[in-house]
Amino acid sequence: MTGMTKYAVFGRRNEGDDTLHLGTVSAHSDRLAKTYAYNTYDEEDWNYLAVVREEDLLEVEHGNVRREVPQ
Amino acid sequence: MPTEKQLKKQLQNGKMIESEEEMTEGYKKALKRILLVSGDTELMSAPAYYDQSLNAPSIDARASCISVVQDELGHGHIAYRLLEDLGEDRQELIYEREPHEFRNTYGFDQHLENFAELVTAHGIFDRAGMVLLGDIYENTSYAPWKRALTKVEKEEQFHLRHGETWMRRLSNKSDKTHERLQDAVDWMFPMGVEWFGMSDDQKRNTEQLDYRIKGKSNDELRQDWLSRTLPLMEELDLDVPAHYDEEADEYVLEYDMPVAFDQENKEWRFDEPISWDDVIDRWRNRGPANEKYVNMIQSGEVSVQV
Chain C
1 MTGMTKYAVF GRRNEGDDTL HLGTVSAHSD RLAKTYAYNT YDEEDWNYLA VVREEDLLEV
61 EHGNVRREVP Q
Chain G
1001 MPTEKQLKKQ LQNGKMIESE EEMTEGYKKA LKRILLVSGD TELMSAPAYY DQSLNAPSID
1061 ARASCISVVQ DELGHGHIAY RLLEDLGEDR QELIYEREPH EFRNTYGFDQ HLENFAELVT
1121 AHGIFDRAGM VLLGDIYENT SYAPWKRALT KVEKEEQFHL RHGETWMRRL SNKSDKTHER
1181 LQDAVDWMFP MGVEWFGMSD DQKRNTEQLD YRIKGKSNDE LRQDWLSRTL PLMEELDLDV
1241 PAHYDEEADE YVLEYDMPVA FDQENKEWRF DEPISWDDVI DRWRNRGPAN EKYVNMIQSG
1301 EVSVQV
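Top line first, the protein sequences correspond to chains C and G.
The letter at position 6 of the first sequence is residue 6 when you use my numbering, and the numbering goes up by one with no holes.
The letter at position 206 of the second sequence is residue 1206 when you use my numbering, and the numbering goes up by one with no holes.
None of these hints come from the bench; they were simulated from the model.
Any given hint could turn out to be false.
Mimicking DMTMM-like on lysine to aspartate or glutamate, the simulated pairs with C-alpha atoms at most 25 Å apart in a straight line are [claimed, not checked]:
no., chain 1, residue 1, chain 2, residue 2
1, G, K1005, G, E1022
2, G, K1028, G, E1207
3, G, K1146, C, D45
4, G, K1015, C, E59
5, C, K6, G, D1089
6, G, K1005, G, D1210
7, G, K1146, C, D17
Per label pair, the in silico range of CB-to-CB distance [claimed, not checked]:
no., chain 1, residue 1, chain 2, residue 2, range
8, G, K1154, C, H28, 48 to 58 Å
9, C, N47, G, A1143, 19 to 29 Å
10, G, K1015, C, D56, 27 to 37 Å
11, C, N47, G, E1101, 15 to 25 Å
Chain C stretches covered by chain G per the calculated footprint, using a threshold of three residues with CB under 8 Å from any CB of chain G [said to hold, decoys possible]:
no., segment
12, 21-34
13, 38-44
Quick reminder that beta carbons are idealized off the backbone N, C-alpha and C, glycines included.
Kindly produce the complete structure, drawing on both the sequences and the hints.
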């Protein structure tokens, strides 16, 4: 939707658990993204819940890392 | 990019799909179709459940009912979010389609007219939804959907428990409330049977199974639903036109599905068999509450009777 930024949502049930990729939310601001994530993914009482702007998520492709490191 | 045939083979061998780039056109089309049905069904169950939630017999019951409505909106959001990842516009899907363009299941085109119908809808329709989505959760090749369904699975369990609890209460309270429940079951049970679609021997399009978007066939899912629904009907002494056949080791219907439905009076005409094409025409023409429910969602307005 226009002007919206897409965020990936991550959550962890308890301390020491794996962090799970729960899904995404779209929002006009970081604050709204956090609110949407909190209300949308309310199936658990999360110990940790975070949103990351999808554009900030840098995928590390297999085998490409070494080439990108400056010599 | 593999051919359609190669991809189907890889998927049957357990390959999972994570993103649009890995999809063939055929896969994407089949996935989008089922996601739209799923999203529309979840979304339209919210207005369908709304009115009678306000008619709940206690504040606690009302809070549970409204919580179900909120969950269903959340489940709709999940399906539309996944469709958005595949290039659809969520705003358009929800707000800019005509009522007849929605692809929700026919059950949520019906008016729910009393609290007994609402809790029977939870006990019968939500169970159908759980059977369908439970299969997708276990078997789907589309990983983002599988992950998203963790939430749905958990919340649908609550809807079912809520429905069953209230069905038990109404069944045991008085002859009158038991009768109300029976009246609800009379039209909702066959609608649950029809929910799973065309019988396997007549189904021509098997793309969703070939791409392993879902794992079980329509008849397998219907059997699964019957095996969970009939014991409850028996426990509550509710009559339904189906039973377990020991010899065949399967649940059998006591009428020739599909049959005609008189939607004005909510009555099935068991002695009037029709074709699956007729059923699909009835679904496509949408049911009596379709416009009202879509308008409730699109306008954001609800009318409350005091």
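> So which of the earlier hints does this model not fit?
Replying inline: Of the numbered hints given earlier, those the structure breaks are 8, 11, listed in rising order.
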